[in-house]
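One-letter residues, chain by chain:
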Amino acid sequence: MTTAQIAHGFRMDRRVDFIISLALAILALAVGSWGVFRVLFIGDHGAVTSYVPWGLWVGVYVYLVWLEVGTMLAYTALRYGFRVEGLEKLGPVVALAALAALIGALFIIGMDLGHPFRFWKAYLQPNFGSLMTWMIWLHTLYLLLLVGELYAYRRGKDALAKRLTLIGAPVGVALIGVIGGLFGVIAARPYWNASVLPLMFFVSSLVAGIGLLILLHLLFSPTAGAPQYASTAQELARIFLVGIIIGLFAAGANALVIAYPGVPAYSEGLRLVLFGPYWWTIWIVHLLFGVLVPLGLLLWNRRNLLVIGVAAALMVWTFVMVPLNIVIPGLAYPTPELEGLKRAAVHHRLSFDYFPSLIEWLVVIFAVGIALAIFTVGYKIVLEPYQRRVLGLSGEQLSGGDA
Amino acid sequence: MKRDRSDLASTKTAEVEEMSVLPADEASRRSFLRKFASSIFAGLVAPAVLASGATLQAASSEEQTIESPSQAKGGDTIFKRMMAELHKAMQKPVEQRRWVMVIDLRKCTGCQACNVACIAENQLPPGVVYRPVIDEELGTYPNVSIRSMPRPCMQCENPPCVPVCPVTATWQRPDGIVDIDYEQCIGCRYCMTACPYHARTFDFGYKYTEETPAVQPYEEQANFEYGQRWAREGRNSPIGNVRKCHFCRHKLEAGMLPSCVTTCIGHATYFGDANDPESLVSELISRPNVMRLKEEAGTKPRVYYLL
Numbered sequence: 006m007t008t009a010q011i012a013h014g015f016r017m018d019r020r021v022d023f024i025i026s027l028a029l030a031i032l033a034l035a036v037g038s039w040g041v042f043r044v045l046f047i048g049d050h051g052a053v054t055s056y057v058p059w060g061l062w063v064g065v066y067v068y069l070v071w072l073e074v075g076t077m078l079a080y081t082a083l084r085y086g087f088r089v090e091g092l093e094k095l096g097p098v099v100a101l102a103a104l105a106a107l108i109g110a111l112f113i114i115g116m117d118l119g120h121p122f123r124f125w126k127a128y129l130q131p132n133f134g135s136l137m138t139w140m141i142w143l144h145t146l147y148l149l150l151l152v153g154e155l156y157a158y159r160r161g162k163d164a165l166a167k168r169l170t171l172i173g174a175p176v177g178v179a180l181i182g183v184i185g186g187l188f189g190v191i192a193a194r195p196y197w198n199a200s201v202l203p204l205m206f207f208v209s210s211l212v213a214g215i216g217l218l219i220l221l222h223l224l225f226s227p228t229a230g231a232p233q234y235a236s237t238a239q240e241l242a243r244i245f246l247v248g249i250i251i252g253l254f255a256a257g258a259n260a261l262v263i264a265y266p267g268v269p270a271y272s273e274g275l276r277l278v279l280f281g282p283y284w285w286t287i288w289i290v291h292l293l294f295g296v297l298v299p300l301g302l303l304l305w306n307r308r309n310l311l312v313i314g315v316a317a318a319l320m321v322w323t324f325v326m327v328p329l330n331i332v333i334p335g336l337a338y339p340t341p342e343l344e345g346l347k348r349a350a351v352h353h354r355l356s357f358d359y360f361p362s363l364i365e366w367l368v369v370i371f372a373v374g375i376a377l378a379i380f381t382v383g384y385k386i387v388l389e390p391y392q393r394r395v396l397g398l399s400g401e402q403l404s405g406g407d408a
Numbered sequence: 149m150k151r152d153r154s155d156l157a158s159t160k161t162a163e164v165e166e167m168s169v170l171p172a173d174e175a176s177r178r179s180f181l182r183k184f185a186s187s188i189f190a191g192l193v194a195p196a197v198l199a200s201g202a203t204l205q206a207a208s209s210e211e212q213t214i215e216s217p218s219q220a221k222g223g224d225t226i227f228k229r230m231m232a233e234l235h236k237a238m239q240k241p242v243e244q245r246r247w248v249m250v251i252d253l254r255k256c257t258g259c260q261a262c263n264v265a266c267i268a269e270n271q272l273p274p275g276v277v278y279r280p281v282i283d284e285e286l287g288t289y290p291n292v293s294i295r296s297m298p299r300p301c302m303q304c305e306n307p308p309c310v311p312v313c314p315v316t317a318t319w320q321r322p323d324g325i326v327d328i329d330y331e332q333c334i335g336c337r338y339c340m341t342a343c344p345y346h347a348r349t350f351d352f353g354y355k356y357t358e359e360t361p362a363v364q365p366y367e368e369q370a371n372f373e374y375g376q377r378w379a380r381e382g383r384n385s386p387i388g389n390v391r392k393c394h395f396c397r398h399k400l401e402a403g404m405l406p407s408c409v410t411t412c413i414g415h416a417t418y419f420g421d422a423n424d425p426e427s428l429v430s431e432l433i434s435r436p437n438v439m440r441l442k443e444e445a446g447t448k449p450r451v452y453y454l455l
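Protein chains in written order, with our numbering: chain H, 6 to 408; chain V, 149 to 455.
Just so you know, these hints were derived from the structure itself, not from any lab.
It is possible that part of the hints are untrue.
[Unchecked claim] Part of the chain V face toward chain H, derived, beta carbon under 7 Å: (1) F372; (2) Y374; (3) R383; (4) Y453.
[What the hints assert, rightly or not] With a straight-line cut-off of 27 Å between C-alpha atoms, the simulated DSS-like cross-links for lysine-lysine are: (5) K399(V) with K236(V); (6) K162(H) with K94(H); (7) K347(H) with K355(V); (8) K347(H) with K442(V); (9) K162(H) with K385(H); (10) K399(V) with K448(V); (11) K347(H) with K236(V).
[Said to hold, decoys possible] Simulated restraints on C-beta separations: (12) G403(V) with I172(H): 44 to 52 Å; (13) E368(V) with H352(H): 50 to 58 Å; (14) D224(V) with L363(H): 51 to 59 Å; (15) T225(V) with K347(H): 49 to 57 Å; (16) E368(V) with V298(H): 52 to 60 Å; (17) E331(V) with H352(H): 41 to 49 Å; (18) H352(H) with G403(V): 28 to 36 Å; (19) E285(V) with I31(H): 32 to 40 Å; (20) D329(V) with V298(H): 26 to 34 Å; (21) P282(H) with G403(V): 46 to 54 Å; (22) P365(V) with H353(H): 52 to 60 Å; (23) L279(H) with K228(V): 53 to 61 Å; (24) G257(H) with M404(V): 38 to 46 Å; (25) L363(H) with P436(V): 52 to 60 Å.
In this text, a Cβ means the ideal position worked out from N, Cα and C, and glycines have one as well.
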């Protein structure tokens, strides 16, 4: 096998791929800019209400954090803990994907603030008694670790990169735990208020992270074309299958525990998820296309790389419905004692009904554009020098397998 | 078929709602006119019918509460007493006061005067409400009654909204009032999720007259919450902030009772210092017919309801 064949695995080395990716990022930024402008300069806060104060943005934020931390944790555990072969040179691309998701997440949560330009107060005037402060600080620390890691990869300091990756593991676990706890400690929202929530967040993050790791391996592994490439993907698929089953069991057990007593204050949120107006988001999008289809595909044939890729892509893509179905239904009903609040005032901002507005979708598109732009540009800045050094490829070979 | 008052009222509501959801081309003209006419008739008759019911209910409430000090001394006397107690409390250091609100649900008529007064006093924009009056339907047909329950901020002794704020923009004063610093609040709304009483609302920056030819000057007048001047200009605070009832702290500091207390037409809301054993509120909250919302949560609200 030639170095050119090996380099073929780096799909992004191709100039066309780079241009397409950058064009998509610019398109997303252009489309989403109207939403960002409305938020920053007009004060548009989407469709959230005073009773459902968090919506699409917080849900997508959690989703991106799950991906960012989950992928890094899965990589760290499998590479350094379980010593899965074939992941050795995947470190930079995993860190880059995590960084892209992280910045997208931070951007989107910044947009959610009523006063986005006051974000600095969380750094300079923090209240460390609040889990939100810990979330912000840990997220920033994680950002610095990822930037440091990518810098180390670029400079050829692999030992430093490894050290930062290992330091990042407990920070990532803490970040996920804090975000789970941020919801879990809210006693006023019985649907959230569970000690198991941080653990559920951790499991969800890990399963989604393994899915993204598979995609990164299939699309960007430098060992593409080599026998190890397929066997690593198949090994990851086996682990992914176990992860999905564990996740399904955890979610099912949690749902049954909530549903069984049938006490409305506690079970109403779950009822909204399963039988509310947006029931299809969990049953069709997530459970069918995100769990059952990938599960079926992996049970049917987990040797075929295309099947593995489709299963992982379906799971990762539809997983966004999970945090959305945690965040929004937990807020979308009043405490039974104050049921009459639904009718006490007539204003669309004093409602327990919520569906994201166009502005909210546009901001999400903008955040995706940011993430894609960071990944695309970062690939040029970090990954290409890394390839040159590790694989000994020339500039021509890197600019495209066809070159 | 014989129809009684509640049936009449409920029919009216149901039919008006039905009409509002029916597409015009689907409802026949005859059916529409029939429903419209019956709705108008019901609308004309129902207030009289309901009013007579309300009078009866009010009369029975009078009988039940005839011995309460508020009833015995009359409205003006109550206000004078509460004002005197307020002035007395204000002479004490702030940490020795414990402001408490008592709402007598037997006297609340659900008129919304307190809510309107609150909106006027604090210049509340559309979508922001500090003291919604919740009408709760009790029982099942035909044994149905309505209870009106104003729900201000509970000013909890253990407020769950305070510790969650990432920038310490909300805190509890020594006298028990939970404050918000509008300039410090970043608008993350975490405190709103933490409040068990849904007592915090977000200021989205609306104006009542924004889609009319001219925004009226009164919309941009300043309010004086927390003893500061807050004009509604541009996107300045309190726009983009979380807001809530503060027992009209700015009025207390000027020696005045909260607006909801002074405007209550039924004298159903009382206010005072619970650390003064001789105060009216101390007297009222020591009664057996007192309750607080979500007692089991242990938040210890400083708003008490008399049943």
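Okay, the hints, checked on the actual structure:
no. : hint                             : verdict
1   : F372                             : violated (21 Å)
2   : Y374                             : violated (17 Å)
3   : R383                             : holds (5 Å)
4   : Y453                             : violated (11 Å)
5   : K399(V) with K236(V)             : holds (15 Å)
6   : K162(H) with K94(H)              : holds (13 Å)
7   : K347(H) with K355(V)             : holds (22 Å)
8   : K347(H) with K442(V)             : holds (18 Å)
9   : K162(H) with K385(H)             : holds (18 Å)
10  : K399(V) with K448(V)             : holds (24 Å)
11  : K347(H) with K236(V)             : violated (40 Å)
12  : G403(V) with I172(H): 44 to 52 Å : violated (59 Å)
13  : E368(V) with H352(H): 50 to 58 Å : violated (20 Å)
14  : D224(V) with L363(H): 51 to 59 Å : holds (55 Å)
15  : T225(V) with K347(H): 49 to 57 Å : violated (38 Å)
16  : E368(V) with V298(H): 52 to 60 Å : holds (56 Å)
17  : E331(V) with H352(H): 41 to 49 Å : violated (26 Å)
18  : H352(H) with G403(V): 28 to 36 Å : holds (34 Å)
19  : E285(V) with I31(H): 32 to 40 Å  : violated (56 Å)
20  : D329(V) with V298(H): 26 to 34 Å : violated (51 Å)
21  : P282(H) with G403(V): 46 to 54 Å : holds (51 Å)
22  : P365(V) with H353(H): 52 to 60 Å : violated (26 Å)
23  : L279(H) with K228(V): 53 to 61 Å : holds (57 Å)
24  : G257(H) with M404(V): 38 to 46 Å : violated (58 Å)
25  : L363(H) with P436(V): 52 to 60 Å : holds (55 Å)
The structure shown violates the earlier hints numbered 1, 2, 4, 11, 12, 13, 15, 17, 19, 20, 22, 24.
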